[in-house]
Amino acid sequence: DAGVIQSPRHEVTEMGQEVTLRCKPISGHDYLFWYRQTMMRGLELLIYFNNNVPIDDSGMPEDRFSAKMPNASFSTLKIQPSEPRDSAVYFCASSRIRMNTQYFGPGTRLTVL
Amino acid sequence: DQQVKQNSPSLSVQEGRISILNCDYTNSMFDYFLWYKKYPAEGPTFLISISSIKDKNEDGRFTVFLNKSAKHLSLHIVPSQPGDSAVYFCAAYSGAGSYQLTFGKGTKLSVIP
Chain A
1 DAGVIQSPRH EVTEMGQEVT LRCKPISGHD YLFWYRQTMM RGLELLIYFN NNVPIDDSGM
61 PEDRFSAKMP NASFSTLKIQ PSEPRDSAVY FCASSRIRMN TQYFGPGTRL TVL
Chain B
1001 DQQVKQNSPS LSVQEGRISI LNCDYTNSMF DYFLWYKKYP AEGPTFLISI SSIKDKNEDG
1061 RFTVFLNKSA KHLSLHIVPS QPGDSAVYFC AAYSGAGSYQ LTFGKGTKLS VIP
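Protein chains in written order, with this note's numbering: chain A, 1 to 113; chain B, 1001 to 1113.
Chain B on its own, in the form it takes in the complex (with noise of 0.2 Å):
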């Protein structure tokens, strides 16, 4: 069973627009959640977190929103860029004494010019 979905394979934006890349979880003792961005042949990197006491993280352009209630949370890429054109995985991990992070399938987002 998937504790971390990410229902959308991919997406395609327009440069300049607005990037929303959707998560739901399912494990309610998840309480810190995190993107990873990933371009191909590469590792995936760090790129933003958000502990489930804060319903809001912004980092310049790029903004994860959590929604407890919903089990859902997003990633706004505002304005979007070329370069960020990548996979983006969305983790989760319970603080309650584990550092396994659970990881869904990933997005890949392309950014056209």
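This is chain A alone, in the form it adopts within the complex (with noise of 0.2 Å):
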């Protein structure tokens, strides 16, 4: 199996732009994770779904901050429009069900002007 895939891998783009994360989970596993890396935070958890359905996303930090999972093979993290402190690396990961080991995808570093 390739492992969870992300793109793009780096993003820079200027304050108040739309930006697109996407993620393809492992072929087989039920829940899918978007998680958020920055030096002072650390690994929050932004968002996750089981089956393609949103579970929790209290973690998402406000409005601008949007996910989908159209099928069970494709995720988007969408923030619009984006504000310099999103800059930071965006991981998704996967997991079976019942089981909690996440694999992680190799994330995508944003950088926002």
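The reader is advised that the hints may include incorrect statements.
Unchecked claim - Below, a list of computed lysine-lysine pairs in the DSBU-like style, where the Cα atoms sit at most 35 Å apart:
| # | chain 1 | residue 1 | chain 2 | residue 2 |
| --- | --- | --- | --- | --- |
| 1 | B | Lys1105 | A | Lys78 |
| 2 | B | Lys1108 | B | Lys1071 |
| 3 | B | Lys1054 | A | Lys78 |
| 4 | A | Lys24 | B | Lys1105 |
| 5 | A | Lys68 | B | Lys1105 |
| 6 | A | Lys78 | A | Lys24 |
| 7 | A | Lys78 | B | Lys1108 |
| 8 | A | Lys78 | B | Lys1005 |
Hints in this document: simulated from the structure, not taken from any laboratory.
Reconstruct the complex from the two isolated chains, following the hints.
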């Protein structure tokens, strides 16, 4: 298996622009997680899905952030409009049902100027 | 309030010696603990885990110890190798229905040849 795939690996954008991060989980995994990593706060869970349904989005910082999972093999995290404080590494992870070993993608490093 | 704490941001160890990475938690509902390793520009990868019904789990050079009364766990790497140089994250979750991992901020291990 190719593992969790994220794109793009790096994104540089200007404040106010829309940013879309993409994730393809491991085939057969029923859970998908979006995390954000910053120096100050470490790894934070933003939102997670079970069978394509959002279960808990309490970690999403504000309404500028939204996530979707239209099917079992694809998810997006959108920031609109982006702000400099959104600069971070965003990770997607997936896991099988009832197993909490999460497999992480390589991350997207987002820089908002 | 940080529920999982790794109080040492960094650790340096000579090759061949033992590396001990520590983690403390405050949430008594946590009953499953994991260690992840992260290399630069990659996502975290699962290393080893332990359930609260055990006090020790071993996998090759890696051993995790859990002290429930002290709410403390540690990861021992023996012998340490230069390839072990990475950031190590401690994570925990409650098996009572939640699939949310709570991560510590990580400890950067440097193994000196």
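| query | Which of the listed hints are not met by the structure? | reply | 3
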